[in-house]
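Chain residues, written in single-letter form:
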Amino acid sequence: MALVHLKFSFDGIPGASIPREWSHSGVVGSGDMEVLLTRREQNGRVNVTVCTPVSGFDRVWELVLRRFVAESGCGDLELEINDNNATPFVVGLRLRQALLEARGGEI
Amino acid sequence: MRYSELQRKSFLEATARERAIGLTDEGSFTELAGPRDRMMSPHLPILGEAVSFDDGVVTGVGLVGEHPVFVISQEGKFIGGAVGEVHGAKMAGIFRLALTAYDHAAQEHPHDLERYRPAVVVSFETGGVRLHEANAGLLAHAEIMDLIQDTKGKVPVISLIGSKVGCFGGMGFVAAATDVILMSPQGRLGLTGPEVIEQEIGKEEFDASDKSLISRTTGGKHKYIMCDCNELVEDRIGAFRDALCGLLNRPYSSLCRCRRIGSYELVREQMALVRLAAQLNPSDSKDIWRYYGNAEPDLIPEMEVKEFLKTAHRRPREVE
Amino acid sequence: MEMQMIGRGRDAVAMLADEGSFQENHVGNAVMDAEFGPGAVVGTARIGGVAVTMIANDAEAVNPRFPVVYFGVIGMEEAYKMASAVYETIEADREKRPGEKRPLVLVVDTPGNAPGKVEEIFGMNKATGAYQLALAEARKCGHAVVAIVIGRAISGAFLCHGLQADRILALPKEYGTVIHVMPLSSISRITKMDIERLEELSQKSPVFASGVDFFHRLGGVEEIVSAPEKMAEAVSRHIAEIRCHKAKGEFEKTGPWSRGILGAERQGRTARPAVLARMQQEFSQVSGRYLR
Chain X
1 MALVHLKFSF DGIPGASIPR EWSHSGVVGS GDMEVLLTRR EQNGRVNVTV
51 CTPVSGFDRV WELVLRRFVA ESGCGDLELE INDNNATPFV VGLRLRQALL
101 EARGGEI
Chain P
1001 MRYSELQRKS FLEATARERA IGLTDEGSFT ELAGPRDRMM SPHLPILGEA
1051 VSFDDGVVTG VGLVGEHPVF VISQEGKFIG GAVGEVHGAK MAGIFRLALT
1101 AYDHAAQEHP HDLERYRPAV VVSFETGGVR LHEANAGLLA HAEIMDLIQD
1151 TKGKVPVISL IGSKVGCFGG MGFVAAATDV ILMSPQGRLG LTGPEVIEQE
1201 IGKEEFDASD KSLISRTTGG KHKYIMCDCN ELVEDRIGAF RDALCGLLNR
1251 PYSSLCRCRR IGSYELVREQ MALVRLAAQL NPSDSKDIWR YYGNAEPDLI
1301 PEMEVKEFLK TAHRRPREVE
Chain R
2001 MEMQMIGRGR DAVAMLADEG SFQENHVGNA VMDAEFGPGA VVGTARIGGV
2051 AVTMIANDAE AVNPRFPVVY FGVIGMEEAY KMASAVYETI EADREKRPGE
2101 KRPLVLVVDT PGNAPGKVEE IFGMNKATGA YQLALAEARK CGHAVVAIVI
2151 GRAISGAFLC HGLQADRILA LPKEYGTVIH VMPLSSISRI TKMDIERLEE
2201 LSQKSPVFAS GVDFFHRLGG VEEIVSAPEK MAEAVSRHIA EIRCHKAKGE
2251 FEKTGPWSRG ILGAERQGRT ARPAVLARMQ QEFSQVSGRY LR
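Here the protein sequences line up with chains X, P and R, keeping their order. The numbering of the first sequence is the numbering used here, which starts it at 1 and goes up by one. The numbering of the second sequence is the numbering used here, which starts it at 1001 and goes up by one. The numbering of the third sequence is the numbering used here, which starts it at 2001 and goes up by one.
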């Protein structure tokens, strides 16, 4: 019944972080999630922690996150996610929105 | 989202953070105990419930003109905006800071206090106590009522109600205890939520699936007619902000006169209203709308805000 | 269990008061309307020789005008009657100094605020809020306010009648005392969490489970009074302590704020002080932008 904590680490692009020290995006509604992005110079690595009530989806999380890191071309980031049953589609969408917001773009 | 777009955004659809930023002057809002502090509920994980970095409430300080405005903005999407230990402590913290800011203003600007007086603004979106940490949530409510009493004579407390969840449970009386209440027609305010009435007394008393009944009983227009809401505004962040700026430009004494409870005189006025309730025993809010002189109550629910404000007859206040 | 006090608000008033001293509906200089708010018992009594205003629930009264108000439920009339008793008490001692003003004793046995359509149309939230503001005002202008839970102290009704006191006392659970927001069965239904798991967790966590002991650990109850016959002594003792604090101007040593501190001391609510400290610290870093 306790919450599940997952940790992932991916190779990103050195220097492709966010302009601000940190940025936050999203609301932990039902079927939704929030993400806190923190800039961290670490040879491009993107570390992700996920806190979710749902267990048994480690592989899906890894796939979705790996694709996000690859497609967005980000790097040097810590991502902390609080999830409440978001679907893989919503996770991908929210991450792209969060990165855009963090980089000062319009959403 | 740009500030100007935020002003045009529906208050009903906005997140707690968007409301907090949009209500204060552009670029002036600083969040306190925000997501980066990761002050999450220690109780939800034990129950396997999702947590949020802000525990469902955005707290911070901004400016409206020279007034420091201390903001509490609840997020209904996170467990219905319900109040647990952290959420409640963040609310209490805002009141404490506002009281400190008042002491500062009173000392620095004793002759120009009207201009520098701080305010507390609460954008409610909550059903009250969070059941997952019910006891701590309950105790937090008592603290907030205590702090509201501390603000009397010092800091105006302004309630904004126009979000999806409405303002119910213990937070229903917290709102009632504040100085001024602003609502949109979509806003809902009460103590016992429709589902709870239906469950406790039965569907004959209250059909919780009847949206128009809920709106007639707890909605902004009804509360405006009853003088339980002081101003009715359109469903836009900018409309709430304009009303808020208008209030903060008025003398503090005029905001105190917006109160409905908080003195013996006001309690006596409410007691007369309760006697009327017993005498009329209305089966629907429309009965009381008619009683106050609204000849065609059936037209009220569909009316545009402007037209409603022009034509509505309200409960005459006894205490000025 | 022969001495259960649940549903016996009037008996508790009689037990607390010096023999024969309770004068119902006489509060301060006023005589209250006996017909209005029959579920609320208000009056003046002496406890250990000290004149106090007493406010209690009557579980046997039925309000003929508001059908959901019976069995100790606080309806609109009841809450405003209770608020009036507080304001009359403040009025009567307006000239006295803090600590010398007459105490208020709240005898708590209520299952809830009135949940009805008429109540929502006219604003039950105002009624319960009005009583709480009155109690907070009394406390802050120097009256000692003591609540004693003799039966049910449930959710919003406990907030209304009890949680604004300087000190809260309660009879132990062996006497049938119930303090909670909701029974676990309802929490389970609404949150869709497994009842057995909740029961197991509730053994450890004071934060959501029902019970006097849990509220004590959270700082929501200052003292558990071992038996009904000890209530009068305990109430008198707390009144004396509170009066002492008020005479010295120590207004935050009692009441909801002090219970927050007590909750941390008893390890029941430890997140609260961390949040408050963080907010204070963060504001001090930016206050120059806001305080001119």
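No wet-lab data here; the hints were simulated from the structure. The beta carbon of each residue, even a glycine, is placed where N, CA and C say it ideally should be. Watch out, some of these pointers could steer you wrong.
When the alpha-carbon atoms are kept at most 20 Å apart in a straight line, the in silico PhoX-like pairs for lysine-lysine are as follows [to be verified]:
1) R/Lys2173 to R/Lys2140
2) P/Lys1152 to R/Lys2140
3) P/Lys1009 to P/Lys1306
4) P/Lys1154 to R/Lys2173
5) P/Lys1310 to P/Lys1286
6) R/Lys2248 to R/Lys2140
Stretches of chain R that chain P covers, calculated by requiring three or more beta carbons in the stretch to come under 8 Å of a beta carbon on chain P [claimed, not checked]:
7) 2013-2027
8) 2095-2109
9) 2116-2126
10) 2140-2154
11) 2181-2187
Residues from chain P that keep clear of chain X, each with C-beta distances beyond 10 Å, as calculated [said to hold, decoys possible]:
12) Thr1030
13) Ser1052
14) Arg1115
How the hints compare with the structure:
1. The suggested pairing of R/Lys2173 with R/Lys2140 is violated, with an alpha-carbon distance near 31 Å, which exceeds 20 Å.
2. For the given pair, P/Lys1152 sits about 11 Å from R/Lys2140 by alpha-carbon distance, which is consistent with the 20 Å threshold.
3. Restraint check for P/Lys1009 and P/Lys1306: the C-alpha separation of about 19 Å stays at or below 20 Å, so the hint holds.
4. At roughly 42 Å between alpha-carbon atoms, P/Lys1154 and R/Lys2173 are farther apart than 20 Å, so this suggested pair is violated.
5. For the suggested pair P/Lys1310 and P/Lys1286, the alpha carbons sit about 18 Å apart, so the restraint of at most 20 Å is met.
6. A hinted pair counts as satisfied when its Cα atoms are at most 20 Å apart, and R/Lys2248 with R/Lys2140 qualifies at roughly 13 Å.
7. With 0 residues having a beta carbon nearer than 8 Å to a beta carbon of chain P, the region 2013-2027 of chain R misses the requirement of three or more and the stated coverage is violated.
8. Counting residues of the region 2095-2109 of chain R whose beta carbon lies closer than 8 Å to any beta carbon of chain P gives 0, which falls short of the minimum of three for the stated coverage.
9. Restraint check on the region 2116-2126 of chain R versus chain P: 11 residues with Cβ-Cβ distances below 8 Å, three needed, restraint holds.
10. Counting residues of the region 2140-2154 of chain R whose beta carbon lies closer than 8 Å to any beta carbon of chain P gives 1, which falls below the threshold of three, so the coverage claim is violated.
11. Requiring three or more residues with a Cβ within less than 8 Å of a Cβ of chain P, the coverage given for the region 2181-2187 of chain R holds, as 3 such residues are present.
12. Every CB of chain X lies more than 10 Å from the CB of P/Thr1030, the least distance being 14 Å, so the non-interface label holds.
13. For P/Ser1052, the requirement that its beta carbon stay farther than 10 Å from each beta carbon of chain X is not met, with the minimum near 4 Å.
14. Its beta-carbon lying about 34 Å from the closest one in chain X, P/Arg1115 satisfies the requirement of being farther than 10 Å from that chain.
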